[in-house]
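Asks: Letter by letter, the chains look like this.
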Amino acid sequence: MLYIECPWCGFRDDEEFHYGGEAHIQRPTDPNELNDEEFSEYLYLKSNPKGVILERWLHSRGCRRWFNVLRNTVTNEITEIYPIDTLPNSKEGTEYYGQNWRRKSSVEKTIKPREYK
Amino acid sequence: MKKPASNQGMQGLRSEKEKYSIFSLARNSLTYHENWSQAWRSPEPKSEYDTIIIGAGGHGLATAYYLASQHGMRNIAVVDKGWLGGGNTGRNTTIIRSNYMWDESAGIYEHSLKLWEKLSQELNFNTMFSQRGVLTLAHTEHELKEMNRRVEAIRLNGIDSDVLNPNQIKKLVPIIDINPRLRYPVMGGFIQRRGGTARHDAVAWGYARAADSLGVDIIQNCEATGFIIEKGTVKGIQTAKGPIRAKKVGCVVSGHAGVLANLAGFRLPIDSRPLQALVSEPIKPILDTVIMSNSVHMYVSQSDKGEMVFGAGVDSYNSYAQRGSLNIIEGMLAAAVELFPVFSRLRMLRSWGGVVDTCPDASPIISKTPIDNLYFNCGWGTGGFKATPGSGHVFADLIAKDEPNLISAPFSLNRFISGYLIDEHGAAGVAH
Numbered sequence: 001m002l003y004i005e006c007p008w009c010g011f012r013d014d015e016e017f018h019y020g021g022e023a024h025i026q027r028p029t030d031p032n033e034l035n036d037e038e039f040s041e042y043l044y045l046k047s048n049p050k051g052v053i054l055e056r057w058l059h060s061r062g063c064r065r066w067f068n069v070l071r072n073t074v075t076n077e078i079t080e081i082y083p084i085d086t087l088p089n090s091k092e093g094t095e096y097y098g099q100n101w102r103r104k105s106s107v108e109k110t111i112k113p114r115e116y117k
Numbered sequence: 118m119k120k121p122a123s124n125q126g127m128q129g130l131r132s133e134k135e136k137y138s139i140f141s142l143a144r145n146s147l148t149y150h151e152n153w154s155q156a157w158r159s160p161e162p163k164s165e166y167d168t169i170i171i172g173a174g175g176h177g178l179a180t181a182y183y184l185a186s187q188h189g190m191r192n193i194a195v196v197d198k199g200w201l202g203g204g205n206t207g208r209n210t211t212i213i214r215s216n217y218m219w220d221e222s223a224g225i226y227e228h229s230l231k232l233w234e235k236l237s238q239e240l241n242f243n244t245m246f247s248q249r250g251v252l253t254l255a256h257t258e259h260e261l262k263e264m265n266r267r268v269e270a271i272r273l274n275g276i277d278s279d280v281l282n283p284n285q286i287k288k289l290v291p292i293i294d295i296n297p298r299l300r301y302p303v304m305g306g307f308i309q310r311r312g313g314t315a316r317h318d319a320v321a322w323g324y325a326r327a328a329d330s331l332g333v334d335i336i337q338n339c340e341a342t343g344f345i346i347e348k349g350t351v352k353g354i355q356t357a358k359g360p361i362r363a364k365k366v367g368c369v370v371s372g373h374a375g376v377l378a379n380l381a382g383f384r385l386p387i388d389s390r391p392l393q394a395l396v397s398e399p400i401k402p403i404l405d406t407v408i409m410s411n412s413v414h415m416y417v418s419q420s421d422k423g424e425m426v427f428g429a430g431v432d433s434y435n436s437y438a439q440r441g442s443l444n445i446i447e448g449m450l451a452a453a454v455e456l457f458p459v460f461s462r463l464r465m466l467r468s469w470g471g472v473v474d475t476c477p478d479a480s481p482i483i484s485k486t487p488i489d490n491l492y493f494n495c496g497w498g499t500g501g502f503k504a505t506p507g508s509g510h511v512f513a514d515l516i517a518k519d520e521p522n523l524i525s526a527p528f529s530l531n532r533f534i535s536g537y538l539i540d541e542h543g544a545a546g547v548a549h
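Chains as they are written, first to last, in the working numbering: chain A, 1 to 117; chain B, 118 to 549.
Keep in mind that the hints were calculated from the coordinates and are not lab data.
A hint or two may mislead.
[Said to hold, decoys possible] Pair by pair, the computed Cβ-Cβ distance ranges are:
{"#": "1", "chain 1": "B", "residue 1": "Pro297", "chain 2": "A", "residue 2": "Ser90", "range": "52 to 58 Å"}
{"#": "2", "chain 1": "B", "residue 1": "Arg440", "chain 2": "A", "residue 2": "Arg61", "range": "29 to 35 Å"}
{"#": "3", "chain 1": "A", "residue 1": "Ile84", "chain 2": "B", "residue 2": "Asn282", "range": "46 to 52 Å"}
{"#": "4", "chain 1": "A", "residue 1": "Pro31", "chain 2": "B", "residue 2": "Trp469", "range": "38 to 44 Å"}
{"#": "5", "chain 1": "B", "residue 1": "Trp153", "chain 2": "A", "residue 2": "Asp13", "range": "48 to 54 Å"}
{"#": "6", "chain 1": "A", "residue 1": "Gly62", "chain 2": "B", "residue 2": "Pro458", "range": "32 to 38 Å"}
{"#": "7", "chain 1": "A", "residue 1": "Ser90", "chain 2": "B", "residue 2": "Glu263", "range": "44 to 50 Å"}
{"#": "8", "chain 1": "B", "residue 1": "Asn243", "chain 2": "A", "residue 2": "Pro31", "range": "39 to 45 Å"}
{"#": "9", "chain 1": "B", "residue 1": "Glu520", "chain 2": "A", "residue 2": "Trp66", "range": "44 to 50 Å"}
{"#": "10", "chain 1": "A", "residue 1": "Gly51", "chain 2": "B", "residue 2": "Glu398", "range": "33 to 39 Å"}
{"#": "11", "chain 1": "A", "residue 1": "Gly51", "chain 2": "B", "residue 2": "Gly203", "range": "29 to 35 Å"}
[Said to hold, decoys possible] Facing chain A, according to a computed beta carbon distance under 8 Å, are these residues of chain B, among others:
{"#": "12", "residue": "Leu380"}
{"#": "13", "residue": "Ala381"}
{"#": "14", "residue": "Val396"}
All values reported here derive from a predicted model rather than from experimental measurement.
Glycine residues also receive a C-beta, built at the ideal position from the N, C-alpha and C atoms.
All chains should be modelled from the sequences, with the hints used to inform the complete structure.
Replies: Spelled out as structure tokens, the structure:
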């Protein structure tokens, strides 16, 4: 069982949360600009890393707020929790964000990446 | 019976593998079962093969076996990072059925079920395949209506399926509680009588032994760590025991499919999630069919040893740790005890988890990839065991001919671009 620290409510069991999947997936602002292959990349392809992952969680049975988490998918260790509209601060989080294939994906190439605070 | 000269490299035994039968059992009992021949060799890898299969689970070994037996290939290796059958093949709840709604799914799962029916004979290995029936329960009015619709669709594909009312269910499964005042009362169900269970390890061992006798090298403890790719064509793999070259490479690694795809330079629409199961202490025969319930998410059968085998749900988050959250097991056991009050005093012996490769449409991927001569068979998610023979059979066909056949064609990676998804969440995404 994961023990997740909600930034607003503190530590709770993962039963209280809803998993939001991979974080920082850029939504195409104009899907018509993309061909089927590029849209499929955005819609279906997953990073699914073995190791560090940046992901979203919703405290659905608590304060009902979203936040981002840096977790290791092998050890389940959570090393960083940060607000939904920001980038990770830790070294491994920043590294993972920069090296993720989505930074070079068609979606992020064709449109202006979202500006985080 | 000849005694092997040594435990290593028993090349001479290839064509004269001992046939298992009542006579060989009697003969070996005379020597206190100390002289059974080795079921498969443990060879060192050669420098080159025609085909390498990554992953020595049921699907991978079946692929190697059918490549050898159906397509006349002999120079094949199966590599695995651990021991054969040690991943999800040895961790599932062994349920076999083919009652899927969509034509494409019916095609592959029914193909598989037909192979199951002859498998023990073909492999000369008792897979303990038992067609004890698989009963799926309905707990709401809507679910019952949807079930009737699904049964008609399944029957149109020539697959046996019958709707049962609560009294018929009670007759079939006397320990079930059909009291209408339950929170989720049993309102009906449908049964596939040709469905059932098999011994999961025996399937891996049977395929391994049969493939080995056809000359397939099964190389255990040899992790694939990368691919040798030249000009967009795969030329071999990097392993813990050094590079091995190959003309074709098939990848059948379930939960780690995404990791290997990344090594080959492309990505898959797959999330790896923990799925758990547990068994109770062994008790006297009490349940002679398989019971599944999608609504309350519980499935149970009784093994030949007498253990009740329970399958729990998949966790919501990605993980490569072979363990899941306890609340998933608690929820499943609560449902099991409500349906079968007699289970309330049952003690659980073991629980474990495996890493399953879930696809957005809950259907598998049997496909060519952006790299020439590299093939992937993955995405079986929570229900791959039942498909073991069929999956291996069509995947071997794809590898040998470099063209998908009619059964495997709908399961290509291309469906995520064309949008032709095979949405089996109703049947495959929940219970198995």
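Asks: Go ahead and decide if the range 39 to 45 Å is satisfied by the Cβ distance of Asn243 (chain B) to Pro31 (chain A).
Replies: Once the Cβ atoms are compared, 55 Å apart, the range 39 to 45 Å for Pro31 (chain A) and Asn243 (chain B) is violated.
Asks: Regarding Pro297 (chain B) and Ser90 (chain A), is the given constraint of 52 to 58 Å on their beta-carbon distance met?
Replies: holds (55 Å)
Asks: Given the hint of 44 to 50 Å, is the C-beta distance from Ser90 (chain A) to Glu263 (chain B) inside that range or not?
Replies: Holds, since Ser90 (chain A) and Glu263 (chain B) (Cβ atoms, about 47 Å apart) stay within the stated range.
Asks: Quick check: does the Cβ-Cβ distance between Pro31 (chain A) and Trp469 (chain B) fall within 38 to 44 Å?
Replies: 43 Å Cβ-Cβ, so the 38 to 44 Å window holds.
Asks: Between Gly51 (chain A) and Gly203 (chain B), does the C-beta distance stay in 29 to 35 Å?
Replies: violated (22 Å)
Asks: Within 44 to 50 Å or not, the Cβ separation of Glu520 (chain B) and Trp66 (chain A)?
Replies: At 46 Å between Cβs, range holds.
Asks: Is 33 to 39 Å respected by the C-beta to C-beta distance linking Gly51 (chain A) and Glu398 (chain B)?
Replies: Given range 33 to 39 Å: holds, Cβ gap about 38 Å.
Asks: Do the beta carbons of Ile84 (chain A) and Asn282 (chain B) sit within 46 to 52 Å of each other?
Replies: holds (50 Å)
Asks: Return the status of the interface hint for Ala381 (chain B): holds when the least beta-carbon distance to chain A is below 8 Å, violated otherwise.
Replies: Because about 13 Å separates Ala381 (chain B) from the closest Cβ in chain A, which is outside the 8 Å limit, the hint is violated.
Asks: Is the interface hint for Leu380 (chain B) satisfied, with its Cβ closer than 8 Å to some Cβ of chain A?
Replies: With a closest approach of 11 Å, the Leu380 (chain B) hint is violated.
Asks: Look at the Cβ atoms of Trp153 (chain B) and Asp13 (chain A) and judge whether their distance stays inside 48 to 54 Å.
Replies: Roughly 50 Å apart at Cβ, these two residues keep to the hinted range, so it holds.
Asks: Take a look at whether the Cβ-Cβ distance between Arg440 (chain B) and Arg61 (chain A) falls inside 29 to 35 Å.
Replies: Cβ of Arg440 (chain B) to Cβ of Arg61 (chain A): about 23 Å, so the range 29 to 35 Å is violated.
Comparing the model with each earlier hint shows violations of hints 2, 8, 11, 12, 13, 14; every other hint is respected.
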